[in-house]
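*Asks:* So you can see what is in the structure, the chains are spelled out below.
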Amino acid sequence: MRRREFLGGLGILSLGFEIGCGPSPIVKHARESGTFAPNAWVSIRRDGGVVVEVDKVELGQGVTTLYATLVAEELDVPIDAVETHYADSLPAYRTSSGMQLTGGSTSTRDGYLPIRKAAAAAREMLVGAAATTWGVPPAECRTEGGFVIHGGDRLAYGALTVSAASRPVPSSPNLKPRSAFRLIGKHGRRVEARAKVDGTAKFGIDVRVPNMVRAWVLHGPVFGANAISVRSDKALALPGVLDVFAFPGGVAVVAEKTWQAIAAARVIEVTWDRGVVAGLDTEKLRAAARADTSRGDEQLQTTKGNADKAIANAATKIEAFYEAPYLCHASMEPLNCTVHVRGKKVEVWAPVQSPSVVQAAVAEVVGVSPEDVLVHTTLAGGGFGRRTHADFAVQAAQIAKRVGRPVQMTWSRESDMTQAQYRSINFARMRGALRADGNVAGIDVHLLGQPLLEESIAAFGDALPFPRAFVDTIRGLMATNTLPDLGSLEGFDNTYEVEHRRIAFTPIRTKLPSYFWRAVGPSFTCFALESFIDELAHAARVDPFEFRRRLLPVGSRARRVLDMIAPAWSAPKAPGVGRGIARITYAGETEVAEVVDVELVAGRIKVRRVHVVVDCGLAVNPDIVRAQMEGAVIFGLSAALDQEITLANGVVQQRNFDTYPVLRMFECPEITVTIVDSGEAPTGVGEPGLPPIAPAVANALFALTGRRLRRLPLQKELDVS
Amino acid sequence: MKRWLPLLGLPLVLATTLAAGDSSVTAEEGQKAFVTVARVLQSPRCMNCHPAGDAPLQTDRSRPHTMNIRRASVAAGLSCQACHRERNSEAIGVSGGPPGAPSWGLPPEETPMVFQGRSLPALCAQLKDPEQNGHRSLDDLLEHVGHDPLVLWGWQPGGNRSRPPVSHDAFVGAFRAWVRSGGACPP
Amino acid sequence: MKLEINGVSVEAAVPAETPLLWVVREEAGLTGTKYGCGRALCGACTVLVDGEARRSCVVAAGDVAGKKVTTVEGLADNGVLSALQEAWLAENVPQCGYCQSGQLMSATALLAKKREPTDADVDAVMSANLCRCGTYPRIRAAIKRAVTALVGKP
Chain A
1 MRRREFLGGL
11 GILSLGFEIG
21 CGPSPIVKHA
31 RESGTFAPNA
41 WVSIRRDGGV
51 VVEVDKVELG
61 QGVTTLYATL
71 VAEELDVPID
81 AVETHYADSL
91 PAYRTSSGMQ
101 LTGGSTSTRD
111 GYLPIRKAAA
121 AAREMLVGAA
131 ATTWGVPPAE
141 CRTEGGFVIH
151 GGDRLAYGAL
161 TVSAASRPVP
171 SSPNLKPRSA
181 FRLIGKHGRR
191 VEARAKVDGT
201 AKFGIDVRVP
211 NMVRAWVLHG
221 PVFGANAISV
231 RSDKALALPG
241 VLDVFAFPGG
251 VAVVAEKTWQ
261 AIAAARVIEV
271 TWDRGVVAGL
281 DTEKLRAAAR
291 ADTSRGDEQL
301 QTTKGNADKA
311 IANAATKIEA
321 FYEAPYLCHA
331 SMEPLNCTVH
341 VRGKKVEVWA
351 PVQSPSVVQA
361 AVAEVVGVSP
371 EDVLVHTTLA
381 GGGFGRRTHA
391 DFAVQAAQIA
401 KRVGRPVQMT
411 WSRESDMTQA
421 QYRSINFARM
431 RGALRADGNV
441 AGIDVHLLGQ
451 PLLEESIAAF
461 GDALPFPRAF
471 VDTIRGLMAT
481 NTLPDLGSLE
491 GFDNTYEVEH
501 RRIAFTPIRT
511 KLPSYFWRAV
521 GPSFTCFALE
531 SFIDELAHAA
541 RVDPFEFRRR
551 LLPVGSRARR
561 VLDMIAPAWS
571 APKAPGVGRG
581 IARITYAGET
591 EVAEVVDVEL
601 VAGRIKVRRV
611 HVVVDCGLAV
621 NPDIVRAQME
631 GAVIFGLSAA
641 LDQEITLANG
651 VVQQRNFDTY
661 PVLRMFECPE
671 ITVTIVDSGE
681 APTGVGEPGL
691 PPIAPAVANA
701 LFALTGRRLR
711 RLPLQKELDV
721 S
Chain B
1001 MKRWLPLLGL
1011 PLVLATTLAA
1021 GDSSVTAEEG
1031 QKAFVTVARV
1041 LQSPRCMNCH
1051 PAGDAPLQTD
1061 RSRPHTMNIR
1071 RASVAAGLSC
1081 QACHRERNSE
1091 AIGVSGGPPG
1101 APSWGLPPEE
1111 TPMVFQGRSL
1121 PALCAQLKDP
1131 EQNGHRSLDD
1141 LLEHVGHDPL
1151 VLWGWQPGGN
1161 RSRPPVSHDA
1171 FVGAFRAWVR
1181 SGGACPP
Chain C
2001 MKLEINGVSV
2011 EAAVPAETPL
2021 LWVVREEAGL
2031 TGTKYGCGRA
2041 LCGACTVLVD
2051 GEARRSCVVA
2061 AGDVAGKKVT
2071 TVEGLADNGV
2081 LSALQEAWLA
2091 ENVPQCGYCQ
2101 SGQLMSATAL
2111 LAKKREPTDA
2121 DVDAVMSANL
2131 CRCGTYPRIR
2141 AAIKRAVTAL
2151 VGKP
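Chains as they are written, first to last, in this note's numbering: chain A, 1 to 721; chain B, 1001 to 1187; chain C, 2001 to 2154.
It is worth saying that the hints were derived from the structure and are not from the lab.
Misleading hints may appear alongside valid ones.
Simulated crosslink set (BS3-like; lysine-lysine; CA at most 25 Å straight-line) [what the hints assert, rightly or not]:
no., chain 1, residue 1, chain 2, residue 2
1, A, 257, C, 2002
2, A, 573, A, 606
3, C, 2068, A, 257
4, C, 2002, A, 606
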C-alpha cells in the first residue's frame, strides 16, 4: 500500500482502534513497509527516522517548526531528528472547520494538543511494545534520544515499529507536563531555515515537474475583463512559444520557458471587454460613504443598553469619521500554481493556504470531483490570507485543461497586484460620549465596507463542509442583510467595558471581490476604535493609557498586558518625539498592546521605536512569537503609512512596488517585544501584532502635532491636510 | 620688409583670441547664452544626477531617489550599475524599469558639480573652476556636453520622462557661445 | 552563449537581451534567485557579477558573458556556509524566506566593500531589498554578527 493511500485511509480512523476487524491498516502498513504510523501526522521508519506530516502551509509564520517542536517534545527525540513533510490534500487533514486551511492565526491554538497527542500516542505504543518485549510494566520505562529505556536495556524506535503498530492506539495519551518541557517554550532555531539561506528552499514558483511548460498571463486593464480579440501571430513565431489563447479572465501565453512566455506576451495584441468593475472609482465610494448619514440599520450587530440616549444625555459628545483604503497583500512571491490535468485526475503543486478550497474550485473547472484533485503544498513566499483564495489555481487549471502537459502558471507582479481579493475599503462613523466624571457613557459605531464574511463564504464555495443548501441559505440571509457580517465587524465589540453601545454595518457591495488580509476585520476596526478611544481620552483630559486602563476589567489579561507596557509609555522621551498607544484583544484570546515613538523629519513620518507586549498564552517558541510581532508591526506599518489601492474608472492605479510602497530597512523602527507568560493555553500570534500599529502611530502624531489623522495611509493624509 | 611685420602678429592674435574667447561673442552675449545653458542644466534630466544633497534625484519632480539610495550606497557596495545599465530597461523588454545609459552615476564626491538650487552666477563659476570641474578646460566641457553618451541620453530618455527645454543642438550652440565668450558669467 | 555561474560553465541558448534572472533560474536550473517584481524595485533577484551586486531582472544575459556570476547557491564553500549565512541562521532571520537570497547577496556585496559597515552603510545598501515578512531588524543583527565573526572580535 503506498504511503499516500495509507495516509488517505487513516482519514477514516479516529485515534481509536477497532478490535475484531482483522489487521488494521496501521499494522498492515508497518508489516509491509516497516514504517509505524499510528495517525496521519506522525510516523517512524524502520531506520528510526521520525517524519511529521505538516498539514499547514509554511508562510514564514513558523508552523513547520511548531510541528517539529511538538512532535520532538512528546517523542523525546532531538528536534534535528524530525523530518517534516508538507502534507498532501487528504481528508484526514480537514481539521479547520472541516477544511484543510492555514489562516486566522489558528495553527498553534488548534494544533497544540492534537499534534502533541499524535506524537504521544506513538510514544505510548512504542513504550508498550518495548515493555512487552522485556516483560516489564510500561510505567518503568522511559524514552530518550529515540530509544525506549529500562534500566540497562534499550530498544531503538526503529526496532519497535512493527510491534508498536500492533498495539491499541490510545485515544487519550498522556502528555508531558510543562515542567518537563525540553523544547516547548524555549527558543529554537527554525527547522526549515537552512534551505532558506542556501538557495535550496523550493517555493511554488520553483516547482519543476517532468514535461512541464510555463504560462504567463495577460490580464485586462479592468478586473475580470475577458479578451474580445487576440493577435498572437508574432508571439507564436517566437522560439519555445507553444500556444496563446484566451480563457475566462485572461490570455495565457504558453511556452517551454517563462522567459519565452514573457517575451511572447510583449508582442501580443489584445482587445479587452469592459471587465467586471468598469467605472468603479474609489473617490466616488469615499464620497458616497461620507454622505451616508444612515445608521447602518441594515446589519445591526450589537445593541447594549441605549447608546443613543446615553450619548444624547452626555456631558461631552464627540463624533469622528475614519477611513482606510483597499489594500493588496503584495507577498514577495507572486501568485503561481502548477497544474497537471490527466484525464479525470488532476495534480496541483502550489503555495496555497487551503488545499480544500483549491480542490473544490479546480474540480469544478475541470469537471471532476474534488477527491480527484490532489494538492501538494509547497513553501509559500508569504501569504497574508491571499493564498486561501483559489482564483489563481482556477486560472492555472483552465490553462492546464487545454494544454495537457503540466503547466506552471506564474502571475506577473502587476497581475498579482491588480487581480482583486483586496482588504476592503472601509469607513467608520463613530459617535461617543463622556459622562461628567470622564468615563465613557456610550459608543455608537456605523461601519461601512464590503461584507467580508459574505464574500469569503462565496470564495470558499463548495470547500465549506456544509451542505450547499445550507451555505446558500446563509449567503441569502447575509445578502438580504438579515445577518450582520461578523467578519467586517470583528473587533469593535472589544474588551472595553462600555455600558451603552451600538454597532451597526452598511455593506458596500461592489463587483470588486474583497477578501481576507492579515488581521482581517480588525485591520481596520482597531484603527477606528483605538483612534476614537484616544479622542475620547483627550476630550476627557485623561492620559490615554489611564483612560484605556479604566475601561478594562480588573484582573483581565487585557489589563495585565496594558500594565506591562506602562514603563514604555512613561519612559522619558526626547523633544520632537510623539508617543502613542493602542491595544487589541485579537480573536477574543490574544492580547497585544503597543506603544510607539514617532518623529517628523522634513514632513516624513518616522516611527522610531515600537514596544509590543503580547499575551499569547504559552509561547511554544518565544523567538518565533517575537518574529511574528516584529513582522506584523512592519507589515501593518507599511500599510498605515503609505499603502493604498485606488481605482479610477475601473482601473487599479497601483501596479508594482513603486506605486504600492513597502517599508524598507532604513525606515524600520526598533522593535522590542515582551511576551507575557500567562500560563494559559497557546493562542495565535500571526496577526495580532498588526491592528494596533496604525492607531498607535496616529495617536502619536496627534500627541506630536495636535492634528488628528483619521484616514489611512497616514503620510498621504498628513501631506494633504 | 617692414610692410610684412604686422602680418607676423596675426597668428599670435588669432591664437590668443581662440584661447581666450572669440571676439565674435561678447561677454553680454555669453551671459545671455548661459541662461539657456542653465535652463538645461537645471532641468530634471541633468539636475537629477547633479543634486545638492548626497542622493540622486528621480522623475520630473526631482524627488530624492527611493530606496534610500545615496552616495553611501555606492561606497558601501551597491553601485548604480546594479540597476542602471547602459540602456533603458525597455531595451531588454522590461517596461517601466530603471533608465540606463553608459556610465550612469553621480559626479565624484570631491567634485559634485551641483546644479540643483544654484544661482546662475554660482553655477557659472562652478562650471569654469578647474578645482570643481575635474580640471577641465572650457573646450573640454563643450566636448562633454556635446558627445558624452550620458548627457545625450537626456534628450532620448524614453518612458514618460521630459526632455530638456531646448534641443541638444540648441543647447550645444548656447554652450559654445558661452565658451567663446570666455565663459562670461551673469552678474 | 557561455556563462560562468558559481564557477561552473553554463551553455545558454538564449537571446542576448534575455534577463539574467531567467537564465539563472531556467537555463542553469538555479532557483534560489527569485522573481519578485521584474523592475529592480525589490532586490529578490540580486546576484553578484564579478563580485558586484546586480539586479538580474534588468541585466541582459549577454552583458555577463565572460564575467563571473555568483548566486546564493554559490555562497557556501563546499557545503560550509558563509559567515553571513551562519549569522542568518543564528538570528533566525528568515520567515517565508523568499526575499532572503537577494538579501544575502546584497549583504555579501556590502561586506566585500566595507569590512565594518556602519548602520548608515547597512541602511544605504540593504534598504533596496524588500521584505514583506518584516525581517529587517534581524537582518541588521545578522550582518553585525557576521562582521564580528569575520573581524574576529570577541
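*Asks:* Next step is simple, just say for each hint if it's right about the structure.
*Replies:* A quick look at each hint next to the structure:
The hinted pair formed by residue 257 (chain A) and residue 2002 (chain C) meets the criterion: a straight-line CA distance of about 19 Å does not exceed 25 Å. For the hint linking residue 573 (chain A) to residue 606 (chain A), the alpha-carbon distance of about 15 Å falls within 25 Å, and the restraint holds. Between residue 2068 (chain C) and residue 257 (chain A), the direct Cα distance comes to roughly 24 Å. Compliance with the 25 Å bound is thereby established for this hinted pair. The suggested pairing of residue 2002 (chain C) with residue 606 (chain A) is violated, with an alpha-carbon distance near 47 Å, which exceeds 25 Å.
Against the hints set out earlier in the document, a violation occurs for number 4 only.
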